[in-house]
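Q: One letter stands for each residue in the lines below.
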Amino acid sequence: MHLVYPAVLAALLFCTGIYGVLARRNAILVLMSVELMLNAVNLNLVAFDVWLSRTAEEKLHSGQALTLFTIAIAAAEIGIGLAIVLAVYRGRGTSDIDKLRDTAEGHESDGPDGSGGSDNTGGSDNTGGSSPGGSDSDGTEPPAAEKAEATA
Amino acid sequence: MSPAETVTATATLAAPHTHGFLSPTGVEIAFLLVGLVTFGAALVTVTTKKLVHAALWLVVTLGGLAVEYLLLTAEFIAWVQVLIYVGSVVVLLLFGLMLTKAPIGRSPDADSGNRWAALAVAVAAAAALVWVVVDAFRATWMDLGGPAAGSTAVTGASLFQNWVLPFEALSVLLLAALVGAIVLSRKTKSELSSPPVNSRATTGSSPSVPDSRNHTFRRNGRSQGNDLTERNTPTTRTTQNTTPTEQKGTR
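Those sequence lines, one after another, are chains A and B.
Going from the first sequence to the working numbering is simple: count from 1 and add 8.
Going from the second sequence to the working numbering is simple: count from 1 and add 2.
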């Protein structure tokens, strides 16, 4: 088999993962795209290990060992990542990455997602969140925030 | 021109011809077909609007990659892929989707606003990577005959002869990840259970705290006896209350 086939497939899968990481909004879909990228790397490792073990008489099988390590690290990563996503979801009520703008620099409300971003940043931004967005969401949002503060 | 020279010339001419792209072997055809299925499933995974369907198409992608590993004679990796990725990672992702109350149907805000920038970046990266890889490994041929390069015996021998120390370090890392996941799950509970202590200090005497909580949540009066359920139900109710309004705010 030509080495080009698995290499090209791995490159295409990696770029698909790049698109998913950049374009998705849900955090779990971003984790799925990260899994795609890790699998592309695994395919590269296995293909080059098979090639080197035949042509260069390489008996260490470093590619397959690294693939096993990558799979284990990916399993650990998905566990930790889902725990973080669930913790964020419990604290914020959302797993939308575009709304998690606590550490964003500059002004809070920018672009089409500004109203959603400023709604969610906690109690200090409730005064700023009522000014730019639509009237319907701002009419219903402050009682929910007050309830959250009342329980907190 | 001597006959031996012509023989070598025809051999060098014929050698790339036998490994040409226009006469692929059966393994290459199978790899190409399964690769097309895998790549298509990956594209559907990152573009579909239904979140649960994305996880299910991810199963197709990972299963296709397991078949590719089998075609590359890496049997052990293939079954590890099936066991860990298809068996546990996708199930974990589905659990995460269910626990974050992902919508079952179409969710129109699954893609971000910078989708076209992401598409440009991905297409540019794909073009550059494919061009470089094809240019570098155009004539590289790997021989898949003979004994399997990744059977369980070969992989186990190399793993436990040459890679023992990273293997053990990896087990420690898995333990750390397990403990870390538990700590991350428990930390939010302690954070959510500690604020009633503060509210108790601010509102005054402690016997009036369930009453004040009943004023904020009127449906909560029947579960006064158990403190744990009392403490958990307002938090879940607030998350249920906040989510529809925020989703309404995005649309």
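Think of the hints as simulated: they come from the structure by calculation, not from any bench.
Beta carbons are placed, not taken as given, at the ideal position from N, Cα and C, and that holds for glycine.
Some clues are possibly wrong.
Said to hold, decoys possible - Listed below are several chain B residues computed to face chain A (Cβ distance under 10 Å; list not exhaustive): (1) I106; (2) F139; (3) L172.
As the list claims (entries may be wrong) - Over 10 Å on every C-beta distance to chain B, these chain A residues come out as not near it, computed from the model: (4) R33; (5) D106; (6) T111; (7) A112.
Q: Work down the list of hints and note, for each, if the structure agrees.
A: Verification of the hints:
1. I106: Not OK, violated: B/I106 not within 10 Å of chain A, min 14 Å.
2. F139: 5 Å, holds
3. L172: Check passed: Cβ of B/L172 comes within 5 Å of chain A, closer than 10 Å.
4. R33: Violated, since 5 Å does not exceed 10 Å.
5. D106: With a cut-off of 10 Å, A/D106 comes too close to chain B, as the shortest Cβ separation is near 6 Å.
6. T111: Holds, because the least Cβ-Cβ distance between A/T111 and chain B comes to about 18 Å, which exceeds 10 Å.
7. A112: A/A112 clear of chain B: closest Cβ-Cβ about 14 Å, beyond 10 Å.
The structure shown violates the earlier hints numbered 1, 4 and 5.
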